[in-house]
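Go ahead and model the full structure; you've got the sequences and the hints to work with.
Taken in order, these protein sequences are the chains called A and B.
The UniProt record's numbering puts the last residue of the first sequence at 163; the count rises by one with no breaks.
The UniProt record's numbering puts the last residue of the second sequence at 299; the count rises by one with no breaks.
All the pointers check out, no bait thrown in.
Computed, partial: chain B to chain A, Cβ under 10 Å:
#  : residue
1  : 19
2  : 20
3  : 43
4  : 45
5  : 47
6  : 48
7  : 49
8  : 64
9  : 113
10 : 117
11 : 118
Some, not all, of what chain A presents toward chain B, calculated at C-beta under 10 Å:
#  : residue
12 : 20
13 : 60
14 : 62
15 : 129
It is worth saying that the hints were derived from the structure and are not from the lab.
The model shown is predicted, which means the values in this text are computed figures rather than measured ones.
We put the CB at the ideal spot given by N, CA and C, even for glycine.
One-letter residues, chain by chain:
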Amino acid sequence: MAVPLRFRLNHEDVEVHVQDPASTLLDLLRNDLGLTGTKSGCAIGYCGACTVIVDGRAVPSCLQLVGLLEGREVRTIEDLSGPDGLDPVQTAFVTCAGMQCGFCTPGHVMALRALLDQEPEPDEERLRQTVDGNYCRCTGYVKILDSAREAVSLQKSLTGEAR
Amino acid sequence: MTTLDHGPAPTDAAREPVHLLRAGSLTDALAQLATEGAVPLGGGVGHALARQARRPVTARTLVAVADIPELAGIAWTDDRIVIGAGVRLDAIASDTRLREEWPVVAEAAGSVATARIRRMVTLGGNIAARDDSHDPPVALAAAGAVLTVRGAGHRRTLPVTEVGSLSAGELVQDVRLPRSTPGARIGSAYEKFLVRGVWEYACVNVGAVVALDESGTVERLSVAVGSVTGGPVVVDLGALPGRVPDADLVAEAARLAAAATRPYSDVRGSAAYKSLMIAEFTRRAVSKAALRAAGGADR
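Here it is in structure tokens:
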């Protein structure tokens, strides 16, 4: 028996009927809603590739039970955009070449987006903490942290222009 | 034993449908938990992991309790700190007052898994999972924390080490920590040994609390060890209180901790190796706690 579930997904109200409320948000996004920008890696919360933003907080969607989403606000990588088409965080990853295979990138981008929404000027320690929980097996994190720093300054300059 | 050790069942193993109820209040939750096969659901992490490992899930009904108001927040009174069972581990790890008064608890909460997972895991769920290698129960056992347990028509308290006596229909409402008197010389510390360094369950984990009297003599000394059979185990430290916290006392506490606990062999190390690590990490935890009690730099 399918149960109805209502929540906000990328700024739109959605109602989905799920067979199993204890299935995961990751499966719902990728298999039922076709939002495949969120990647499925380890499926036990450790690799961070599946990170999405739930109520402003970056969490692994493979551990998020869909039944607990009722009334919540979910943002996925598909939601991101900016004045130039890309979100400043995405632009920073392009500028600094913060990826090689790119599989972990949506997770890093969403985690940094959530951080910058809460703390527009995070220090180095906060950036490092934000990368925690997101495996990258290609870059060794140097370029990812470069991208994170670039994202902070890009965001700052954009906010400055908006004023 | 930890959840990640289980080999998967066949991929075609049938999954029974599960009902998920959202409780709006404690009264709601207790009524829902009174039904056959109902279990509380905190952040859902343990449940998601069990499913991913394709372990059989016996619960028919999950009652989502993490967001009910009676389980929320950290409340401070003159003689105790009450941490709601629904409080997420990242909130505990970053609570400034808790870091000051019970660093062992904040450090243990902050050492769990990764930052992203700590945003989801509730304190109550972490404790009620009864996993001997979970970090917060070890710290709370060393600190002498007490659980408030609610069931249909009753309320009882039990030490955090007796969480195994929770019965069907019961729910952990909060965790209570004692307050120290102003100016008391008390220090605590948490030490977790990870074979790989990051992002895994502990090989061994140790919490220590040291209280000194005005002359600098140990008034109270408490050590709890996790990742051992029946853990967390609060170690009987016999006649150690009453002595000064010197290297001999620390060594004796480490010896007693290793002797009093029974680690098990697994992928993180043999039982014999873990006993050596228990001694070493007890030494570190007690030393740091004693330093903090004495008002050392690393408080």
